[in-house]
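Q: Take a look at the letters that make up each chain.
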Amino acid sequence: MAAVEITDVTKSFGETVAVNGLSLRVPDGSIYGFIGPNGSGKTTTLRMIMRILHPDRGRIHVLGEDVTESAAASERVGYLPEERGLYRKMVVKDLLRFYAELKGLRDSNRAIDQWLDRLDLAEWGDKKVESLSKGMSQKLQFIATVLHKPQLILLDEPFSGLDPVNMDVLRQAVLDLRRDGATVIFSTHDMGVAEKMCDFIFMIYKGRKVLDGTLASIRDQYSNDTLRVRLSENGEVVNRLDGVEKVNDYGQFKELRMTAGADAQQILQQLAKQCRVEHFEITQPSLHDVFVRIAGPEAEEAQHA
Amino acid sequence: MRKTWVVAWREYRVNIKSKAFLIVMALMPVFMFGGIIVQMLTEDRIDTDTKHIAVLDRSRKMFVPLAEAAAARNENDTVDSETGKQNRPRYELTEVTPSAEDTDQQLLDLSRRIQKKELFAFIDVSANVLDGDAPETETVVRYHSNQPTYRDVQRWLTRNINGRVQSVRLAEAGIDAELVARAMAPVTVQNLGLLTLSETGEIVQAEEVDELASFMVPLTIMMLMWMAIMVTTQPLLNGILEEKMQRIAEVLLGSIDPFKLMLGKLVGYVMVAITLLTVYIAGAYAVANYMDKGDLIPTHLLGWFALFQVLAIFMYGSLFLAAGACCNDVREAQNLAMPLWIPLIVPMLCWFVIVEHPNSTLSTTMSLIPLFSPMIMMMRMAVPPGVPLWQPVVATVGTLATTLLFVWAGSRIFRVGLLLQGKPPKLGQMIRWVVRG
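If you read the protein sequences in the order shown, they are chains A and B.
Using this note's numbering, the first residue of the first sequence is number 1, and each one after it goes up by one.
Using this note's numbering, the first residue of the second sequence is number 1001, and each one after it goes up by one.
To be clear, the hints were calculated from the coordinates, so they are not data collected in a lab.
Every value quoted in this text rests on a predicted model; they were computed, and no experiment measured them.
Each hint should be verified, as a subset may be incorrect.
[Said to hold, decoys possible] Derived pair list, reagent style EDC-like, types lysine to aspartate or glutamate, alpha-carbon separation capped at 20 Å:
#1 A:Lys89 x B:Asp1329
#2 A:Lys134 x B:Glu1242
#3 B:Lys1061 x B:Glu1138
#4 A:Lys149 x A:Asp180
#5 A:Lys128 x B:Glu1242
#6 B:Lys1260 x A:Glu69
#7 B:Lys1017 x A:Glu130
#8 A:Lys209 x A:Asp225
#9 B:Lys1019 x A:Glu130
#10 B:Lys1017 x A:Asp94
#11 A:Lys149 x A:Asp117
#12 B:Lys1260 x A:Glu75
#13 A:Lys206 x A:Glu69
#14 A:Lys149 x A:Asp176
#15 B:Lys1017 x A:Asp126
#16 A:Lys196 x A:Glu83
#17 B:Lys1017 x B:Glu1242
#18 B:Lys1426 x A:Glu15
#19 A:Lys89 x B:Glu1242
#20 B:Lys1051 x B:Glu1095
[To be verified] Covered stretches of chain A, going by a simulated chain B footprint (3 or more residues, C-beta under 8 Å):
#21 82–93
#22 96–104
#23 173–183
Glycine included, each C-beta is placed from N, C-alpha and C at the ideal position.
Let's have the full structure, built from the sequences with the hints guiding it.
A: Dropping the structure here:
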């Protein structure tokens, strides 16, 4: 069964088409990553799944219910919006109880204590929300999202702005929820997180779906056209190589994208003549590179040409 | 419906703990008992300083009788007969001989004495003051003081000068002053209500009408309603702005649909208003009973009052919510909400006309316009003899229909506006949202 099934959905705001003919199937129990540049339609898609916005055209089924017709699924879904929404003047526990009750959970005290404890916020339960730091507010918002044990969890940029310790805590919490049977959809700009956590990755660009599938299947679309090298000197050598069309310099490593039909061995020979090669690897492009190839300035130019 | 209640309960709890609400609550005794307290505090502190008055008597016939009248007043009317304490100022009159040379200089000197507080006032009595045939310019008495609002002295002088003038003129004409006084004795016309039949079949005498009370009761009722609306609409506007600016709206809309959310907020604020009014009305009862005026409170109107009050909060509240949902900061919201104050201010501006002529065409028409109905109809009903029953019924139906329309239209603006960032929409755009959803 699919937790979310989007069929040919279009949504416009005035002249702007935010989502254009989108179809997507999110299998039950999976972790699905939504990637795409700012303003490409990620949040609009999430809001339509949440029933906050109605599509102009097309159907959306969530947990088997048609959300354009009924709100029946809303209590089984949890949503963490991109920008945190908390009443600053409320006491933490009161706020959590309020959000839980809005999701139909009447007795939430035990769950609240457990979650506060688990995310290291136990001593803040009786404080006002405004006294929490940014990271703590984010964890609080996460608790508000999952308190009612939703079957489907939508997280819009859940990890942005978190320090590594808190990020690990939240990531573990997400994985545990999935292990307990929940389906998780999250959007992120962190390609590393998407690569490591997601079973499936979906990329939306200018309102249209451009990638959808497992990480392996996406990378397979791009052949082994990437070289990852480490050189003894940081010279300009790599820029003058034949058969290389683009260089991404990460400092320690450089990623070279070969032109179609170029021979990796020839490139290695060219490099070896000019400097010491400490590392040389023929690989598929990283998700980051795939993203940039689709949505970077290069792609923009190609489109306008 | 449960979610609507969850929202309402949160709004209620947050608001009865808010500073604004507590201040209004704290002001209740000030409004209600303020008059009594001020009266009690000032009772013993009235002005008893002797008033020195110079009399520049050009007629040579006025000072003596005035001085005698002042002496009699000082003797009889300045002391509380029970306690023996002085409760009014004494008047001390001194005669000033008119200067033969420079009249203006003399008047200026007297004015300076007033500024130095040696005198309270002086009067300049014309030479022909007793001559009934002389033109007004020759008989006039000029009263000079630097305290134009303190009118007791001027009134006392007017009364006594005229009394003296009349008795002299009557005597000169050979008419008996006593006879005239008897002939001219005024008759009182009492303002009474209607006689009623008691349950035991006896006729109950009509009571005297308290004119002040018959104006104050409708005004107080309108002010109570107005206050409850003010206390609820402003926080409604601020609350929705907070939810929009802090992006709480998105979380809420993920759990509850906008119509129910809006309804919940309105219900919450109706509960706030009811809490507030219960305290105020109880206070009013206490004060009225303390002053032995308990029967002034129109208890038979309590049901209508509650109905119109609830409708008013729903009607105005939904407009303010819709306006708030379209804005991104308090300033924008206040600009957009400006026209919404008009229906709230109009009843305040014309309350007097309406209470004075409650059944005029203007009053009746205004009270049937749904935007004004709650306050104006309520006010008309509080003025005896009241209005025909069909009028409040029509007003209720009209207000209810308008309220439903506003809540429905408001919730459609609310849903689009809440997620919208950037410039607030124009009115035309909002109407399009209502029509298209």
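Q: Now, for every hint given, state plainly whether the structure supports it.
A: Hints, one by one, checked against the model:
1. A:Lys89 x B:Asp1329: Holds. Lys89 (chain A) to Asp1329 (chain B) sits at ~18 Å (cutoff 20 Å).
2. A:Lys134 x B:Glu1242: holds (18 Å)
3. B:Lys1061 x B:Glu1138: holds (15 Å)
4. A:Lys149 x A:Asp180: holds (10 Å)
5. A:Lys128 x B:Glu1242: holds (16 Å)
6. B:Lys1260 x A:Glu69: Holds: Lys1260 (chain B) and Glu69 (chain A) sit about 16 Å apart, inside 20 Å.
7. B:Lys1017 x A:Glu130: Holds, at roughly 17 Å.
8. A:Lys209 x A:Asp225: Violated - the C-alpha atoms of Asp225 (chain A) and Lys209 (chain A) are around 24 Å apart, more than 20 Å.
9. B:Lys1019 x A:Glu130: OK: Lys1019 (chain B) and Glu130 (chain A) at ~18 Å, within 20 Å.
10. B:Lys1017 x A:Asp94: holds (14 Å)
11. A:Lys149 x A:Asp117: With a Cα-Cα distance of about 17 Å, the restraint between Lys149 (chain A) and Asp117 (chain A) holds, given a limit of 20 Å.
12. B:Lys1260 x A:Glu75: holds (15 Å)
13. A:Lys206 x A:Glu69: violated (27 Å)
14. A:Lys149 x A:Asp176: It holds: about 12 Å lies between the C-alpha atoms, which stays within 20 Å.
15. B:Lys1017 x A:Asp126: Holds, at about 17 Å.
16. A:Lys196 x A:Glu83: Violated. Lys196 (chain A) to Glu83 (chain A) sits at ~24 Å, over the 20 Å cutoff.
17. B:Lys1017 x B:Glu1242: OK: Lys1017 (chain B) and Glu1242 (chain B) at ~17 Å, within 20 Å.
18. B:Lys1426 x A:Glu15: holds (17 Å)
19. A:Lys89 x B:Glu1242: Distance of about 11 Å is within 20 Å: holds.
20. B:Lys1051 x B:Glu1095: holds (14 Å)
21. 82–93: With 8 residues closer than 8 Å to chain B, the segment 82–93 of chain A meets the three-residue bar; holds.
22. 96–104: holds (count 6)
23. 173–183: The restraint on the segment 173–183 of chain A is violated, since only 0 of its residues have a Cβ under 8 Å from chain B and three are required.
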